[in-house]
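Make a model of the complete structure from these sequences and hints.
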Amino acid sequence: MTANGNLLIDDAYLETIRRDMIKFARLQLRDQAQAEDAVQEALLAALGNAKGFAGRAALKTWVFAILRNKIVDSIRQRHRTTNISALSSEEESLDQAFEAQFKANAHWNLGARPSDWGGPEETLRQQEFWVVFEACLEHLPENTARVFMMREFLEFETSEVCRELSITTSNCNVILHRARNGLRRCLEKSWFSAGEQPC
Amino acid sequence: MLTCKNATQLLSEAQDRKLALSEKMRLEIHLALCKGCKNYRNQMKFLSQTCRRFVEERNKDSE
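As they're listed, the protein sequences go chains D and R.
All residue numbers for the first sequence refer to our numbering, where the first residue is 1 and numbers rise by one.
All residue numbers for the second sequence refer to our numbering, where the first residue is 1 and numbers rise by one.
I should point out that these hints are in silico values taken from the structure, not numbers from a laboratory.
Ideal Cβ positions, reconstructed from N, Cα and C, are used throughout, including at glycine.
One thing to keep in mind: the hints can contain errors.
[Unchecked claim] Heads up, simulated DMTMM-like pairs for lysine to aspartate or glutamate below, C-alpha to C-alpha not over 20 Å straight-line:
{"no.": "1", "chain 1": "R", "residue 1": "K5", "chain 2": "D", "residue 2": "E91"}
{"no.": "2", "chain 1": "R", "residue 1": "K5", "chain 2": "D", "residue 2": "E155"}
{"no.": "3", "chain 1": "D", "residue 1": "K23", "chain 2": "R", "residue 2": "E57"}
{"no.": "4", "chain 1": "D", "residue 1": "K23", "chain 2": "D", "residue 2": "E122"}
[What the hints assert, rightly or not] Selected chain D positions facing chain R (in silico; Cβ < 8 Å):
{"no.": "5", "residue": "W117"}
{"no.": "6", "residue": "P120"}
{"no.": "7", "residue": "T158"}
Rendered as structure tokens:
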């Protein structure tokens, strides 16, 4: 390792990064051991190349870029043995909750109508919001969450998500809609005050 | 006429792909009349901005 590399990577700093990485990976993999493996591999790969970084920020960006690939590898591997589009009872109950928001004519039910959340800036500054947001993410069913996070956190195009997980585009759209609606309802209930005038 | 239920599906897909002109027109007409779905659209944008910020914060140096 170069002198520059050594400067960047003291043990305390490494531990901080590692903790952040595991948290990020665990949210998506829903499995502590797999998250730790992915982080371990990403760190080893990154530290092997830890020279020429302009600073710690650059190093961290680099390490997370590697982690992104490790997370996808892990999802891909697991996907060989499970069907990501299969509906668990959790997914079914999310769908039921979605349907229950509408009247027979498919317009919003009284009380279920989405409310005005205002702009995100003020909300996102509040530390407590992030706690609720993470709890809502954890609350999503596993496969639903995985597809959503591949799209929104790992920033894959929908076509790439479909290809990686071998699901159809329309299936992917249904899953993303389910995830967004689940999150939206969770945030509305747990953070924003719900219930306005009907549609 | 688009229902609110169908509008929510389109509003989710609008985060992932460019909607066809016909879809966009039907959606805009619906949104002009429906405050709930207008709020839903803003909530979809809110969610996606929140996710982006979440990732940015993660990647930021935590010192």
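Item to check | Unsatisfied constraints (hint numbers, rising) | outcome: Of the numbered hints, 2, 4 do not hold.
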